Every structure is written in structure tokens, then in C-alpha cells.
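J.: Below are the chains, spelled out letter by letter.
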Amino acid sequence: MSKQNINVALIGNPNVGKTSVFNQLTGLNQQVGNYPGITVEKKVGFCKLPNNINANVVDLPGTYSLNASSADENVVIELLLNKNDKLYPDVIVVVSEVENLKRNLLLFTQIKDLEIPTILVINMIDRMKYKGISLDIPYLESQLKTKIVLVSSRKGTGIEELKNTITTYKTISTEPCLNASSIDEEYFDTLRKTFPNQSLYKLWLVITQDVNFVDLNRKTLKNNSFTKTDSELKRLQQKETIKRYQFINDTLKVGQKIDSATATDFRSKLDRLLTHKIWGYLIFFVILFGIFQSIFEWSKIPMDFIDQTFASLSSLADKTLPPGAFTNLISQGIIPGIGGILIFIPQITFLFLFISILEESGYMSRVVFLMDKIMRKFGLSGKSVVPLISGTACAIPAIMATRNIENWKERLITILVTPFTTCSARLPVYAIIIGLVIPDQYIFGILNLQGLTLMLLYLIGFGMAIFSAYVLHKVLKLNCKTFFVVEMPNYKLPMFKNVAINVIEKTKAFVFGAGKIILSISIILWFLASNGPSKNFSDAEAIITSKPENSNLSKPELENKVASFKLENSYIGMMGKTIEPAISPLGYDWKIGIAIISSFAAREVFVGTLATIYSVGGSDNETTIKNKMAAEVHPDTGVKIFNFASGISLLLFYAFAMQCASTLAVTKKETNSWKWPLGQLIFMSGFAYIVALLAYQILK
Amino acid sequence: MKTTIASLKKGQIAIIKDFDADVIPLKLLEMGCLPGNMVELLQIAPFGDPLYLDINGSHLAIRIETAREIEVDIIKK
Chain A
1 MSKQNINVAL IGNPNVGKTS VFNQLTGLNQ QVGNYPGITV EKKVGFCKLP NNINANVVDL
61 PGTYSLNASS ADENVVIELL LNKNDKLYPD VIVVVSEVEN LKRNLLLFTQ IKDLEIPTIL
121 VINMIDRMKY KGISLDIPYL ESQLKTKIVL VSSRKGTGIE ELKNTITTYK TISTEPCLNA
181 SSIDEEYFDT LRKTFPNQSL YKLWLVITQD VNFVDLNRKT LKNNSFTKTD SELKRLQQKE
241 TIKRYQFIND TLKVGQKIDS ATATDFRSKL DRLLTHKIWG YLIFFVILFG IFQSIFEWSK
301 IPMDFIDQTF ASLSSLADKT LPPGAFTNLI SQGIIPGIGG ILIFIPQITF LFLFISILEE
361 SGYMSRVVFL MDKIMRKFGL SGKSVVPLIS GTACAIPAIM ATRNIENWKE RLITILVTPF
421 TTCSARLPVY AIIIGLVIPD QYIFGILNLQ GLTLMLLYLI GFGMAIFSAY VLHKVLKLNC
481 KTFFVVEMPN YKLPMFKNVA INVIEKTKAF VFGAGKIILS ISIILWFLAS NGPSKNFSDA
541 EAIITSKPEN SNLSKPELEN KVASFKLENS YIGMMGKTIE PAISPLGYDW KIGIAIISSF
601 AAREVFVGTL ATIYSVGGSD NETTIKNKMA AEVHPDTGVK IFNFASGISL LLFYAFAMQC
661 ASTLAVTKKE TNSWKWPLGQ LIFMSGFAYI VALLAYQILK
Chain B
1 MKTTIASLKK GQIAIIKDFD ADVIPLKLLE MGCLPGNMVE LLQIAPFGDP LYLDINGSHL
61 AIRIETAREI EVDIIKK
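These protein sequence lines map, in sequence, to chains A and B.
Numbering of the first sequence is given in this note's numbering, commencing with residue 1 and proceeding in unit increments.
Numbering of the second sequence is given in this note's numbering, commencing with residue 1 and proceeding in unit increments.
Simulated from the structure, these hints should not be mistaken for laboratory data.
Hints are not guaranteed to be accurate.
Unchecked claim - Anything over 10 Å on all C-beta distances counts as not near chain A; from chain B, calculated:
#1 Ser7
#2 Lys9
#3 Ile15
#4 Arg68
Stated by the list, open to error - Straight-line alpha carbon distances no greater than 25 Å define the calculated PhoX-like cross-link-like pairs of lysine-lysine that follow:
#5 Lys239/A x Lys27/B
#6 Lys228/A x Lys243/A
#7 Lys269/A x Lys10/B
#8 Lys27/B x Lys409/A
#9 Lys131/A x Lys10/B
#10 Lys9/B x Lys277/A
#11 Lys131/A x Lys76/B
#12 Lys76/B x Lys269/A
#13 Lys269/A x Lys9/B
#14 Lys202/A x Lys155/A
#15 Lys508/A x Lys42/A
#16 Lys253/A x Lys76/B
#17 Lys102/A x Lys17/B
#18 Lys243/A x Lys17/B
#19 Lys9/B x Lys373/A
#20 Lys10/B x Lys277/A
#21 Lys239/A x Lys17/B
#22 Lys373/A x Lys27/B
#23 Lys76/B x Lys102/A
#24 Lys243/A x Lys477/A
#25 Lys202/A x Lys27/B
#26 Lys42/A x Lys27/B
#27 Lys243/A x Lys77/B
#28 Lys27/B x Lys228/A
#29 Lys27/B x Lys234/A
#30 Lys27/B x Lys253/A
#31 Lys257/A x Lys76/B
#32 Lys269/A x Lys77/B
#33 Lys102/A x Lys27/B
Quantities reported herein were computed from a predicted structural model and do not represent experimental measurements.
Glycine included, every Cβ here is placed at the ideal spot set by N, Cα and C.
The following block holds chain A by itself, in its conformation from the complex (with noise of 0.2 Å):
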């Protein structure tokens, strides 16, 4: 029997259980990707069926219905209306779940308007029995034209019964299930007559929303004679969707029947403490308190695991390779490179960890209810919350985040504040200083001085972003409609396959990403710095060794300072020294200059900067980044270069500063702008300069 590949699209509302099935279905797998022009999430994953077939399946994103209101939604059309994408569906999956089954039923039956065969799966079947809810299979199917199959993504049962379906999509009716046209017969008539062609649903779609097709393009749409008024199409919209709960209505009435509501309990009691006008913020910031320490104390063991492990390997390359500038750019550029990658990981891990608890257990719906009016004051929506919370790890997913706000304004002052928020870039860039300048002590023998300030500089990223967003509010003339709409799922205990996948990909999609850009830049300063322009780079080792003060010198004395003068003689050195001027009025020296300019596209890449410049300036590899930089000291005054006064205002330009070229891409394509991200910059960057130049003014 011959090999066949077919494409199947999952497609479901948020919180019924999709990404499961999917998981399921796929395990790992699994490709994220992103959909061509646009920053939405695109997840391919691979499956084997039975009869030797094999599929690609398209998770796509989470909607209630065919009608877009988002950049998310858009692509589910897209890719249902166009036949020449690569993976235009050979069936359809619609996945719905048992508690909620009336209101996923509507975007199944605008699915099936599309004549595409589709399968529905009813999930979270394990709770039927518990709900007291029964449901006539053979019913269903025959009012709905399509075959059900009952799945417990928890338990794993029906996975099987679902591939084995998928194989059959051949048999499967393209019928649709109701007659929607019937709302307007004269108006859909015209339409058929003019558009032979054409799918009548394909053509209503195209006609409401936004979206435009090789085949079929809105203009020549709005050309024509009959078309309708905005307000007359929102009716027709309206009466569309009363039509269609109309047919779920009679066809529930008589194939499900539900018992009792009794067991509603537990959830209301929930809701009513974890939205409670004290116990609910306490409860929110006692979860935030534990995860922030958490990430903190965890991450410490091995993070200086991998610190101690790459200074080491370093140092290991340096004795058993053959000398030269092969070795040289692998001990000394390409190992220290990685290290400042891998150092990330627990940090990260550990953040996504939490940021996926929360969400999946249905507990972050709670907190939206619970700050909506707070956040309202600021400008923002109930709906920030979630990217400012996400954006402790990345701003990039965080400002994505921010698509399911519907009101402009609050959407696009919460995309310029979110950079504010200590990302998990900083971290290093913090840890390292903080352990550098902040003593190791206890104050009332619980509280650790140096996690205090690492908790204060979240708490002053949290605030100059509600501060920015308050002032963005009041300076913003910007006239849109207010929408807020959040579905409150129901509460479940994390499923720990979703979550560990989950960690994985965005873990592995941060380091290859994020790595990328660190490693390339590691080479380009190793390059930098192990070069010079003038004499005074190449005869370094002459003109140090004529100098009468130095004849006394020990070898390893005298090897130090001819590294030094030599990296202050290299091309980054001079770049370093160019821009002292501007930076010694903050406290840095022109080392710290070159970490600044080379982390301008990343933060993170400061403390590889760093590295590569302390490897590259001294002889010695095995010595850890951080006490090459506590021995740092000014060569003309004899003070230490990371002092507390240059630290602090180390960690405040660090807290400010917009130190990410992605976050900035990322703003202009979400704000479809360069005003956007190009205000950002300025402000966030002039603002650090400010508040570093006077912290170390007054604290020198």
C-alpha cells in the first residue's frame, strides 16, 4: 500500500482542550513557527495514522467563532478559505468539550458551512458523569452531519478511535448543517447569481470581514449594486448567530440532557475567595512573592554550575588545543559565547514554568476580573495584566499577549509599557551586579539584601510601567470603542505534558533565538578585540617590555599588562574609548562602554561582552567572569570599577534603558508603525541615561 499525506486543522474556542488533543496526537513532534508577515504563533505537528497515512497537523489558534475580531483569527480564516496553501485542510477537527458544548457548537456549524469534512471531538469527557450530563451519540451526528468522537485529553482515551476517524475523512458529509442563508434570501440569491462561482458562506465571510483572497477580493465586492450599509451587515451578523443558536438550541434539547448543577460548588467557592476584595489581592501577591523568589533561589545552583563548568572548559581548550588564533577564537570566543546563552536556562525554565501554571489552571482569568478597574485608572485593561505578567520573561511573547485586548488604546499603551518589565534578559545582567556591589548579608535574619534588591528593581519596573502608562493615558488623544469580553474557564489542575511541552518550546525557542544573535555577536567582538589598527596593537609586547617601570615585573605581572594595553589598542577598545566621555559622568570606564554598545540588540549580551573582554584581557581562563570583574580597578585612581555607586547605576540604566532590537521589531509590526517603537526607544533610553547620571552623582 502506498504512503499518503494528508493535512488535518484542529480548530476550537480557547480553553476546551485543543493544544491536549494536539499534544496528543503529536507529542514532540512539533514545529512553532510563525505565519508569514505576521507575528501569530504557527504549531505543525506530525502524526502517524493508521493505513499508512501519514499528517500534518495544524494547531490552529484558539476562536469563538469564523468572524475575526484579531490577527489570530484572521488566520484561521485564511487558511480555511484558501485552497492553494501548502496546508489547506483535508479534514477538520473541531474541538469542543462537554460542559460548553452550546456554545462551541456555533463555530462548528460555521465550519461546516465551508464544505470541508469535519469531525467533531467532544473532549473532557471524564467530567460527564460528575456534571450529570448524557448525550445521544447517533443523534447528534445525524442533526449535526458529521461523526463525533468522545476524547479525554486528560486520560488520553479516544486519541486512538480519533486517528482511526481521521483516516476515514473520505466518507465524512460536506454537508452543512443549517440553512444560514435563509436570514436574507433575496440579498443571498443576488450574491449566488453574481458569484456562480463561489461559496456562498465564503463569499458572506469575505464580504464582513477583513481578509482578501487570490480568488476573491473585496473591492470587486463593494463595487457592486447591493451591497449593504455597515450597521444593516452587523444586523444580518447579528440575526446569523440568533439563527444558528436556534438550531444548536433544538438540537441540544433533545440530544443532551443534563441532570443537575450541583456540582458547581466547588468552582463558585473558588472564585469566591480567589476574587475577594482582600483575599484575592493577597493571594495574587503572595503567588508573585513565591515566584519570584523562587526563580531567584533556584536558579542560583545552576547557574554557577554552568558558570564554573564553561570558565573550566575554557581554560581546558586554551591547554590542549594547539596555540594559535583558531584556538584563540574557540577558548576565548566561541565557549564563553555559549556559557552567556546556557546561563539562561533555569531562569527561563523556571518563569515559563509558573506563567504556564497559572494560565492553565484557569486561575489568570481571575486575576484579569480582578484588576480590570485598577488597571483601567492607568489606561490599561484588566487584559494588561497577563503581558505585564509574561513580560517578566520575554517582552516579545508578552506584547503578542496583548492581542486579545479590544480596545486600541488600552492595547497600544500596554505594548509600550510592557518593555519596562524586568524581562528575564536583565536577570543576568542584575545577578551579576547585585553579587558584585550588594553584600551577601541577612537583615532581620530572613531577609537576604540581595534578593531585597532584586525584588526592588522588579517592583521599579513594575512601577515606571504603570507611571508611563498613566502619563500615556492623559497624553494620548486616541477616540475608540471599549469591549471587554473574558471568558472564566473553569478551574483544572494543570496537565503536566501541556505544561513540560510548553517550557520546552519556549525555552528551546528563546536559546536558538536569543543564542543566535549572542553567539554571532561573541565572534564579531572576539574579532574586534583580538585586532587593532595601529603599531601600538601590533608591538604591544615590545613597548610594554622597553617601559623602565615594568623591568622588575614578574612574567604573569607583565603578561597581564600587555594584554591590557592591547585590548585598549584593539578596534573595540577604541570604539570603548570613543564613547568614555559620554558614559564616565554615569560611572563606567570604556569596557563597560563596549558591553553597552554591543548589548544595544540584546540585553543579555552584557555580561557576554564582558566575558569575552575579561578573557580576552587576561591570561588566565579559569577564574570566573564575576571575580575577574570584582578585580577590576580604574588604572589611574586605583578605585574599584564596579563600585556601589556605579553599580546601582549600572542596575537603573539596566532597568530603563531599551536595550532589545527584537521587542523594538516587534512593536513596529504589532503596531503596524515606526512612531511607535521609535518613541520607545527615545524615551526609555533618554530616561535611563537621566536616572543613571544622577544615582551615581549622588551616591559617589
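The hints should help you fit chain B onto chain A, whose structure is shown.
T.: Positioned in the frame of chain A, the structure of chain B alone reads:
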């Protein structure tokens, strides 16, 4: 004064009567907020806004300004 979702007390159940389709987002209709459907006010957020509702079996939260636009008939309590 007309009775709207905003005038419900916690735990009260009502039937949705009517609303102006131009001010209510389509998304809300799609989640089941349609004339004739049942609505129960489950929780009110601290400071009185937003409202946490059970509409036609869907659990969702909306702001009070939207709730004021949806006319209802109270049927219980």
C-alpha cells in the same frame, strides 16, 4: 428606569430582553448573549466592576458600561 444586567444583584437570574446591536460587540453575542437566553450574576469584582456572569451556560466577565446596555427581565429573587 429600565432593568439591565447592571442593575442585577449577586445571585439574581434574568432573561435577556433586548439591546442595541450597534453598541454590543459581536463577540458577546457569539458567546450566547442573545434575547431569550438566561443570565445569572455570579460575582461582582472589588470596586463594583466588572461583572462575572453565567450567560446561557457560558461563564464570562464584562464591564458595567456594557452591562448597562443589555435590558433584562428578572425572574428569580
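J.: When you check the alpha-carbon spacing of Lys102/A and Lys17/B, does it fall within 25 Å?
T.: holds (20 Å)
J.: For Lys239/A and Lys27/B, compute the direct alpha-carbon distance and say whether it is at most 25 Å.
T.: The given pair, whose Cα atoms are some 14 Å apart, holds under the 25 Å limit.
J.: With a cut-off of 25 Å on the C-alpha distance, tell me whether Lys76/B and Lys269/A pass.
T.: Cα-Cα ~21 Å, so holds.
J.: Next pair to validate is Lys228/A with Lys243/A; report whether the Cα-Cα distance is within 25 Å.
T.: Cα-Cα ~20 Å, so holds.
J.: Taking the closest pair, is the beta carbon of Arg68/B still more than 10 Å from chain A?
T.: holds (13 Å)
J.: Determine whether the non-interface label on Ile15/B survives the test: each CB of chain A must be over 10 Å from its CB.
T.: The assertion about Ile15/B holds, with a minimum of 14 Å to chain A.
J.: Within a Cα-Cα threshold of 25 Å, do Lys27/B and Lys409/A meet the stated pairing?
T.: It holds: about 19 Å lies between the C-alpha atoms, which stays within 25 Å.
J.: Tell me if the straight-line CA distance from Lys269/A to Lys10/B falls inside 25 Å.
T.: Given pair Lys269/A, Lys10/B holds - Cα atoms ~14 Å apart, limit 25 Å.
J.: Compare the distance between the alpha carbons of Lys27/B and Lys234/A with 25 Å, and conclude whether the hinted pair is satisfied.
T.: Cα-Cα ~12 Å, so holds.
J.: Just to be careful, I want the Cα atoms of Lys257/A and Lys76/B compared with a cutoff of 25 Å; is the pair within it?
T.: holds (23 Å)
J.: Between Lys9/B and Lys277/A, is the straight-line Cα distance small enough, at 25 Å or below?
T.: holds (17 Å)
J.: Taking 25 Å as the top limit, are the C-alpha atoms of Lys10/B and Lys277/A close enough?
T.: holds (15 Å)
The structure shown violates the earlier hints numbered 14, 24 and 27.
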